[in-house]
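Participant: In case you want the letters, here they are:
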Amino acid sequence: MKKLARHKYLLISCLSIVLILLTWYLCVDILNMVSGSAFPKLTKTISTFIKKFTTAAPDGATLTVHFFNSIKVALWGYVMGVIVGVPLGILMAWFRKFDMFARPLFDLIRPIPGIAWIPLFILMFGIGVLPKALVIFLGVLIPSTVNAYTGIKQTSDVHLWVGDVFGASNAQKLFKIAIPTATPMIFTGLRVAMGSAWSALVAAELLASSSGLGYLIQIGRSISRSDLVLVGMICIGVTGALLDELLHLVEIRVAKGMNAK
Amino acid sequence: MQMEQRKKIEPVIQCDNLCKTFRTPGGDQEVIRNISLDVQENEFVVLFGPGQCGKTTFLNMIAGLEKSTAGTVTVSRKCVTEPGPQRGVVFQSVALFPWLTTMGNVEYGLKMAGVKKEERQKRAQKYIDLVGLQGFENTFPVELSGGMKQRVGIARAYCIEPEVMLLDEPFGALDAQTRYLMQEELERIWQTAKRTVVFVTNNIEEALYLADRIIVLSPCPCSIVKEFEIDLPRPRNYTSQEFLHLRKEIDATINSST
Amino acid sequence: MKKKKTPEVWICGIVSVFAFLLLWQIGCSVSELGKMIPGPITVTGAVLKSMVSRSIGGHTLWIHIGYSLLRVLTGYILGSALGVVVGLAMGWNRVVEAFITPIFRLIRPIPPIAWIPISILWFGLGFQAKVFLIVLASFCNVTLNAWAGAKSVDPQLIGAAKMLGASKSQIFFTIVMPASVPQIFAGLQVAMSSSWTTVLAAEMVRSTEGLGWMIVTGQTNLDMTQILVGIVAIGVVGFILVAVMRRMEDILCRWNKGKR
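Chains as they are written, first to last, in the working numbering: chain A, 1 to 261; chain B, 1 to 258; chain C, 1 to 260.
Just so you know, the hints here were simulated from the structure itself, not pulled from any lab data.
One or more of the hints may lead you astray.
Unchecked claim - One side only, chain A facing chain C, incomplete, derived with CB under 8 Å:
| # | residue |
| --- | --- |
| 1 | 100 |
| 2 | 206 |
| 3 | 236 |
By construction, the Cβ of each residue, glycine as well, lies at the ideal position given by its N, Cα and C atoms.
Taking the hints into account, I'd like the entire structure generated from these sequences.
Facilitator: What follows is the structure in structure tokens.
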């Protein structure tokens with residue numbers, strides 16, 4: 001009985017997907033209700049997607065090249081942001097003196113979205129990899145610092161007292177008690193940061209770039225090739241989802257048993 | 001004599017051969033085996049058993065919160081299939097609505113029944129006064145102490161004027177002092193507004209202090225070991241000879257059953 | 001975690017911010033940096049000037065802020081309202097959940113910014129395209145949280161409501177909805193920052209006014225001061241938006257304060 005119910009809901013889910021594709025096919029492909037420049041035909045989108053793996057026209061690179069260009073920049077900025085952000089958050093939470101001086105400065109840049117820095121960095125560093133990586137760096141820095149900070153602050157006093165009782169040094173307390181406590185929180189930050197890195201990258205590529213998935217959809221728009229735009233969007237979505245899933249897998253392995261939930 | 005009494009008044013709660021088995025991935029677990037129990041009108045029955053023995057499950061089945069695997073529960077001749085205002089429940093975890101004030105919680109049942117605002121606030125106020133929470137009508141549950149929360153829980157269940165009250169270890173989470181106080185309070189409330197009560201506890205003193213009849217339950221699967229009629233005069237004294245004597249007797253019953 | 005701020009903390013904060021500004025000013029006046037970016041005094045002057053005179057694209061700073069706010073709030077309110085309705089419906093009804101989940105799974109991983117080109121193809125360059133993007137940005141976050149909130153209602157509360165005689169629809173309106181409010185607010189917070197980011201991106205790609213437009217024209221005109229004025233305004237407005245949301249949450253979720 002219960003098994004049947006579960007199949008029923010799975011069936012509804014499949015039905016919903018089929019229904020969307022069918023509506024798309026019917027309205028655009030068969031009835032031509034909207035113009036091809038606004039919404040592409042289903043069949044054309046699929047064929048563009050397949051062709052884009054081998055042909056470089058009209059935007060100068062194949063899908064794989066765009067993909068790797070985007071990933072490269074995103075990872076650069078992401079890794080830099082995490083390497084700086086997580087220790088910064090930990091230091092701010094652990095050392096009160098440091099916190100008192102660093103927090104106000106951090107709070108100053110915190111409400112500014114990463115993408116607002118794009119024009120500034122472009123003027124300062126041109127339109128290469130560096131300004132984009134810097135924008136992503138800032139977008140990543142904020143969530144990773146905030147989460148590491150709150151994570152460390154969540155360490156319960158009792159656990160620290162246990163450390164005191166057994167004669168742990170300050171460093172031991174930080175590495176053996178506070179950081180393990182904060183690990184699940186830090187991972188949440190890393191996942192949020194991945195989302196914002198990916199989104200900042202797309203913005204940077206929309207504005208100033210000569211390759212990458214964001215560039216692809218921007219070119220698609222300017223020549224009114226909605227099929228190209230859609231293919232690019234799907235790639236962006238799928239990649240974002242995969243990156244998140246990847247981090248989730250790492251989180252499960254590393255933070256095993258640390259998550260109270 | 002007991003037989004005559006039962007003939008005169010039909011029992012309010014009738015449980016007939018109740019069974020409950022939980023299906024878990026690790027196999028079926030039998031929790032309750034063949035419990036039959038009748039409760040008379042205005043009788044205070046205490047279900048007494050060790051922790052995790054399934055007494056809460058038993059109470060939940062009377063409340064309609066859980067379905068029995070076999071057997072039936074009838075309350076006032078109506079078969080119980082789902083929870084409803086006929087049976088007021090006081091939960092162990094209180095389960096107050098945290099976004100409602102004391103007044104909001106107590107009048108909730110009346111509001112759902114469509115009683116007009118003035119009328120329902122008047123009736124709710126009566127029960128808030130009864131449980132001694134005057135002055136806390138506009139307080140949210142987070143701001144109340146454990147004992148006060150449980151008073152709100154009791155007032156809330158009382159306010160829908162149910163035919164029976166079901167209390168599931170309501171004082172389990174309280175400290176010893178508050179617990180004694182709440183036991184005395186509950187007795188006073190029950191004496192002022194008589195109801196048929198089924199009360200679950202794992203505390204033998206609490207059982208003896210409150211009960212007209214104690215049903216001693218065995219550990220998993222739960223079944224009735226023995227019943228004790230308690231006819232000590234109320235309010236009872238925790239240290240009187242008779243009280244301690246009965247306590248020893250019940251202790252002996254439990255020890256021999258496990 | 002929220003301890004009262006001691007005067008010591010205030011002093012340290014002021015000292016460190018002041019030191020930063022001083023370093024910036026000195027760096028600009030003595031080194032090569034001065035050629036690239038204006039110092040804090042210049043920027044402060046420009047901010048004050050743009051508040052009263054129509055120095056940026058024929059508008060005062062307030063008009064640009066107004067444009068951005070109008071876009072963001074219209075889209076945010078629409079998207080959040082829609083998100084609450086859809087999310088609660090998904091949490092309450094399993095058929096709705098099964099039907100919408102796959103669609104949601106498809107849309108959610110695409111950052112709202114990636115919708116900018118297609119929104120221009122669909123709605124042109126005007127107000128509608130931007131509102132559409134903000135609706136998307138707020139909708140996904142709010143739906144996700146409302147859905148999770150409605151799913152995680154304590155079953156005992158539902159049992160208690162049934163016991164007190166509530167019908168199915170009464171349980172939805174009096175239990176499920178209020179119980180999800182804290183979760184929904186968490187979603188509204190995230191949605192607010194995401195909407196603010198999105199509107200800036202949309203204005204940067206295609207617009208004729210607004211804060212995003214302001215910084216991007218600053219870039220094309222090589223006007224570093226205008227960019228910095230824009231960034232300051234973006235930071236301040238973003239901060240105020242989030243603070244307002246937090247205040248609203250404090251008021252509406254007074255009953256929940258012990259748990260956070």
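Participant: None of the hints should be skipped; say for each whether it holds.
Facilitator: Each hint, compared with the structure:
{"no.": "1", "hint": "100", "result": "4 Å, holds"}
{"no.": "2", "hint": "206", "result": "6 Å, holds"}
{"no.": "3", "hint": "236", "result": "5 Å, holds"}
Of the numbered hints stated above, none is contradicted by the structure.
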